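Chains as they are written, first to last, in this note's numbering: chain S, 1 to 283; chain L, 1 to 348; chain Y, 1 to 354.
To be clear, the hints were calculated from the coordinates, so they are not data collected in a lab. All values derive from a computational prediction rather than experimental measurement. For every residue, glycine included, the Cβ atom is placed at its ideal position computed from N, Cα and C. Among these hints, one or two may not hold up.
[As the list claims (entries may be wrong)] Examples of chain Y residues toward chain S, derived with CB under 7 Å:
#: 1; residue: T15
#: 2; residue: V18
#: 3; residue: F147
#: 4; residue: V151
#: 5; residue: P152
#: 6; residue: Y154
#: 7; residue: L155
#: 8; residue: G268
#: 9; residue: F272
#: 10; residue: V290
#: 11; residue: I305
#: 12; residue: V310
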Amino acid sequence: MEFLKDFWRILREDKPALVGGVVILVYVLVAIFGHFFAHVSDLPSGGQAYLGPSLDHPLGTDFLGNDTLSEIVIGTRPVMIVGVVSAVIVIFVGVVVGLFSGYVGGFLDGLIMRITDIFLTIPGLPLIIVIASIIHTTNPFVLAIILSVTAWAGLARAVRAQALSLRTSDFIDAAKVQNLPLTNLIGRQLLPNVGPYVAISFLLAVTGAIYAQVGLFVLGVAPVSGTNWGIMINLAMNQGALYTSRSMLYLFAPMAAIVLLQVALVYFSRALDKLFNPRLRVQ
Amino acid sequence: MNTHPVTALHADASGGTRQTAPTILEVDEVSVEFGRLRAVDTVSLTVREGDIYALAGESGCGKSTLAYSLLGMVPPPGVVATGQIRYRGRNLTTMDRRELDQLRAAEVSMVFQAAMNAFNPVITIGTQVEHVLEAHPDSFPNRREGREYFEYLLRLVRLDPQTVWNGYESRLSGGMKQRVAIALALLLRPSVLVLDEPTTALDILNQRLVIDILNDLHEKLGVTIIFITHDLALVAELANRVAVMYAGRLVETGTIDEIFYDERRHPYVSALIRAVPSVTADTSLIKPIAGRVPSLAELPKGCRFAPRCALAEEICQEIDPPLLADASGHGIACHVVNAGMTTKGAVR
Amino acid sequence: MLGYLARRVLMALVTIYVVVTISFYMVRLMPGNPMQYLEAQLQQQGGVSPDQIRQQVEAIYGVMPSGPLWKQYLTYVGNVFRGDFGDSMLNPGQGVLSIIASALPWTVILVGISLIISFVIGLVIGTILAAYPDSTFSKVMTGVVSFLSAVPNYLIAIVLIYLLADLNHLFPITGAYSNNTEPGFNLPFIGSVLYHAALPMAAYVIVSFGAWSLAMKGSVTTVLGADYVRAAEARGLGGRRVTQTYIGRNAMLPMITNLAVSVGYMFGGSVFIETYFSYPGLGFRLISAVNSRDYSLMMGCFILITIAVVVSNFVVDLIYPVVDPRILKPASRKSRLTAPPPQAELPGAEAMNA
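One chain only, chain S, in its complex shape (with noise of 0.2 Å):
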């Protein structure tokens, strides 16, 4: 309760923070509950393509004639899965390798940390897209899986170097003692004291990984189909927005919703920070 009661008076402080959550939050709302509020079709409704914005279409029109704004709302549901799904993956694997290797040491700590080397030289951009042309696919879980393939690395390491620091503390001496079950230690020792870096990391992640993907779906790496950010800037590109400017609201509206949503993670993470990190609440 204290830790709630603290990270509000840190949001409250940091106004940008405090902005940043409420923006996270409406975005997840509408992911959740956009479908029952927006519709989109593929097919030309009638309408009439690159309205400038009015009260029946707030953001316009794109070039079939739909709504951009009931296109970005659909949208915001696939990208967010991917985001948060790759995220997971990306803290799961990380903190488990990080942890596990930490604690261990030894022969397997080095094994575990050569292997992790090799993910974390690998150029990630160029390999994901390399692998997302291969499979072609639209689950977004699958999408997700791949664009976490090397981004685990660089946390894993992160969460190492602090679990070998506490390895050699004195509560993980006192938990031994007491012949406390290694998952024990690694879960409720380690973890909670790593607990705060991998907050943070968790919502960078996401930032990475809505990064990612958009940019998979605008070089059209990924296929297109279905309504999401990415594929909208991409439809956008080949219907010719670059070259005139009535379509200037269709093209930037999906560029202002990514903006948005990840300038709000950076600046909430920041809250985070200042949560876990007292030192830096003298800003």
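For chain S, the structure is supplied; the task is to place chains L and Y on it using the hints.
Chains L and Y in isolation, oriented as in the chain S frame:
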């Protein structure tokens, strides 16, 4: 049987410099302010050449701040608001950066707490020593001689010159680093050496070593030593003159004998001495001091120690007692103890 | 020192080997096996004998399509280490390696110069932010920079294209140089190269300088508060000496680590920007290979990008002990990645910089 722990060590303490030794450092009504707070409040004291002078007190009493001001190094936003600090007659508080740079290390030198890292971690110790020689070309026009003298000093502090010169600070233990810092501080043959908590953060063996080394250096090099500490036992071991501070004010000054043996003593100092635990004495003799040091933002009117003082009277709540000294220079700031002393006999 | 080097060399070789293996298996084992696809295509075209089909596939992929897997594998690995990546599917007869070799310098120019520019800008701004944390400049700049570093680079690229190239025709958006200049070390050519590279570089710099600034600010702030800086002042070392050797050098160290790490990432990082600007670098080649299903070119690009990353990292590992002597001491062995984190260190952001 004298079972008071501290004084038992010094059954035959001699000490004190002859009154005739010249004044080398004079603190004249100095106050150091951080915004509206006075960390050091109108303090005056006199250090004579050859003294081993202890500046004692609890954490936060202002002793470190005062020590830093002796080198013109009060950390911002602190400023020396009143008074002068005179080294051999020259006023430090009005010097500019260049003059201070010449003064530091060559005339007045400082050794930081052992817990602090005095050495740049990515350059060798030797390089850092050369930086010092380079910054003060007048001291050692011939660098070679400078290096040789440093090696001599290293041996005085019981370290092997070869290991130290080409190594990085990470290679040295805490105690070793502290000794290298002392050697470096003495390189340019300063007249005054200031040490901030020289033995805190060191283990017992290293503490003993540092104390022996300091005594040794004092004898061999004749340097005046000023050290800051909260450890009364260290004061008893090392110092010949003492100044005790409380909440930014000076409460007592005198020779080591006067502080520990005189009946005339500030209540705070008495309480401090009683509070030092002894291996041999009966535990009932240990009395911690009740209450807490006042925050600088909420200082009591009148004597700052009054709220915790057993001897406090009405006047103590009203007026901050001035430091009054007797004929031999033993000064105490307490109305009750000084009762009967007229301001005519008062000498700073 | 020698042990350190040997370990690094070994890791580099192992990494490359792993990547080659991954490429091999990806082409063959993933759903929609491209080789079989190609075979089927050629068969459908008709008029080509099975032998010829096999020859073509072999020429393109560098490996016989039939035969036991392990044999194919060995041949492939052998080929790669000899520099033979097969031929590009869409440009048969043109070796993948030669295509990539001509693309590599463009990427190096683009990302290399952008990296240096953003690094330098970041250093300057970061130092100012650390030295004057309460000034208006600091507050505004910190806000701007925090915002910019959260924006994906391709979006900025699109905005730049839209505003500056399409609507206002201020800058070109395709190619590395004008068609009517002669390649070579002459002024018109170099001028043209720079002109064409300006927008992509701008996109890159706008997004990156923020992270560098914040990293530098953090580093300088840490050092400014360090004990050894005060100790140096207490020894009467002049302002210049303290600033250069005690503050500057120590603050720069983690920055150089990061610069070094970024050099490795730069080869993979240009993908988006090169594609939008049709700038013929490695990233561009990779994407066009992807879009045209030119698998051998794609694999070749990927392997070569990785090799570039590995080699850069290795060179950095060679240089770093010179800069920070602590790295060689076994007791205080610091992993590069535990240096004070700029955005690049955190896992999600790793993908961002990649």
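Structure-based check of all given hints:
no., hint, in the structure
1, T15, "holds, 5 Å"
2, V18, "holds, 5 Å"
3, F147, "holds, 6 Å"
4, V151, "holds, 5 Å"
5, P152, "holds, 5 Å"
6, Y154, "holds, 6 Å"
7, L155, "holds, 5 Å"
8, G268, "holds, 3 Å"
9, F272, "holds, 6 Å"
10, V290, "holds, 4 Å"
11, I305, "holds, 5 Å"
12, V310, "holds, 6 Å"
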